[in-house]
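S.K.: Those protein sequences? They're chains A and B, same order as listed.
As numbered in this note's numbering, residues -11 to 71 make up the first sequence, in order.
As numbered in this note's numbering, residues 66 to 476 make up the second sequence, in order.
For the record, the hints were derived by calculation from the structure and aren't laboratory data.
Don't take every hint at face value.
If you want the footprint, here are the derived chain B segments under chain A, 3+ residues with CB under 8 Å [unchecked claim]:
id : region
1  : 337 to 351
2  : 434 to 444
Here are the computed distance ranges between Cβ atoms for each label pair [said to hold, decoys possible]:
id : chain 1 : residue 1 : chain 2 : residue 2 : range
3  : A       : Ser21     : B       : Ala321    : 41 to 51 Å
4  : A       : Gln42     : B       : Ser249    : 33 to 43 Å
5  : B       : Leu305    : A       : Met(-10)  : 43 to 53 Å
6  : A       : Cys14     : B       : Ser417    : 38 to 48 Å
7  : A       : Cys0      : B       : Glu309    : 49 to 59 Å
8  : A       : Cys14     : B       : Gln202    : 30 to 40 Å
9  : A       : Thr56     : B       : Arg318    : 29 to 39 Å
None of these values were measured; they are calculated from a predicted model.
The C-beta atom is built at its ideal place from N, Cα and C for all residues, glycine as well.
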Amino acid sequence: MMRKHQFAKVDCNCTRRATHLKCIHCGVMEYRSLDEARRMSQGQAECPHPDAPQVPPQERFRTMMGGTLDCLAPDYDTHFKAD
Amino acid sequence: MQPLRVLIAEDDPVGAALLKGLLVREGHVVLGPAAMGEDAVRLARDERPDAVLMDIWLAGRMNGVEATRAVTADFDIPVILVTGATEATDRDLMDQVAGSGALGFMSKPVTGDALRMNLRIVRRHTRLLARLRDSEQRYRSIFDNAVVGIYMADPEGRYLVSNRAFAEMLGWSGPGELVSGVRSMDEQVYEAPGRRQELLARLRAEGTVTGFVSQVYGRDGDLLWVSEHCTAVHDWAGELLHYEGIVVNVTARIEAEQRWRTTLGILRNTIDAMPDHVVLLDLDRNVIMANASWVRHVCGPGEAGAAAGASYLPGTADAAPGAVAVRCPDCVAEDGGPAPLDRFLREGGHQSGPVRLLPGGEACTCSVSPYRAPDGTVIGAVLVLHRDGEGGFASAGRPAARVDTADRRGA
């Protein structure tokens, strides 16, 4: 079963459209806007970390037909606040 | 410093000469003097001076206060009133002076310092006014030339201001015609009764409303779809004074969505009308989509998934509430060899053959076709189970065979 990244803002106070995002599971960094993180292709979204959430087969199938995956963590704005 | 052109309105020749002397000494250009209020207004109109020194008591029927009102209102020229009266001697007159629109006030006898100070105020006022006009012109140009509609409306449902794009969007020849022609937005603009009240309620509660999509009437009665972004403007007490809206015509988008929904509905109904089981699977045998016949087979006729009665995508927003995620239909080949789906997963291509559907062992023909992504890669299979004779599963005349979904849930 495929797993997907969950990105959160590294600089929580950054107000730019594009910002540094980090996967809260595998730690991979991306420089993207929040909208882009909400609409990632299957290749961009796949996370190798075992704790990352699984993508249901139906959602994965949709990405193969041109759909996208939401890879924003629920607490994307505050997750790295303590850091 | 640039000299000012100053008009003197004074019926007393001695007073006029005194003012002229002070102005000339400061290097300014003197116009007049005008002895009567009417003359002062005429000279202001013809000569357009930078400022007017206006005595309150003038010869003729128009006094200095009346002449000041005319000059400031019609020509926007700063006026400084000059008089020997004070609040102690003539309170009524002083009240009139306050409401006359004069920029400054000097008591007689006028001194050089008082005149210099008042003319400095005039210069500053003129500069500010020019800057204001400049700014107004700039924003007016953006407002007038915007491709989106912009309007201001009162809570009672009348347009106060509109730009050209909005007037043209609704089929009016110009903003003036729209503002005077629409007496009630509830009756003349919004198609759905109460739609504007809904917008007002949200504006009162939230202050700003975005993406408010409504159907509105154009002037000639045609209906169009618009999306509004509105902001409420309140007075100091928090009462809604008026609201400003930015409007985009989204008729083409809404119509395209409606056409797309209709086409999708036709496709869904077509696949649901088929008496055969039609199931779209991924290469891991997960059900991606299935028609109503298969949903009834899996869930039974009385259950939630079957109640949807339509093709569905389990695990997505399309799935009926309570629908279960199921794996592909289990079946065994009649000849005891690999079933068509197993052959497809091993060899690819189109595969078919007689099978028995489990559980129950219902005999049918199974056909498996590859399903491709837009780039041509095979990403799944379309499986069709056709019950031989009697028109397929739909007309079997008995409840569809139940599948033990509990065993397959999440498998």
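S.K.: Does each hint fit the structure? Answer for all of them.
M.R.: Verification of the hints:
1. 337 to 351: As far as the region 337 to 351 of chain B goes, the hint holds, because 3 residues have Cβ atoms under 8 Å from chain A.
2. 434 to 444: holds (count 4)
3. A:Ser21 x B:Ala321: 41 to 51 Å: Between Ser21 of chain A and Ala321 of chain B, where Cβ atoms are some 26 Å apart, the hint is violated.
4. A:Gln42 x B:Ser249: 33 to 43 Å: violated (56 Å)
5. B:Leu305 x A:Met(-10): 43 to 53 Å: Distance hint for Leu305 of chain B, Met(-10) of chain A holds at roughly 51 Å.
6. A:Cys14 x B:Ser417: 38 to 48 Å: holds (44 Å)
7. A:Cys0 x B:Glu309: 49 to 59 Å: Taking Cβ atoms as reference, Cys0 of chain A and Glu309 of chain B lie about 33 Å apart, which means the hint is violated.
8. A:Cys14 x B:Gln202: 30 to 40 Å: violated (56 Å)
9. A:Thr56 x B:Arg318: 29 to 39 Å: Since Thr56 of chain A and Arg318 of chain B have Cβ atoms about 20 Å apart, the given range 29 to 39 Å is violated.
Hint compliance for this structure: hints 3, 4, 7, 8, 9 are not met, and every other hint is.
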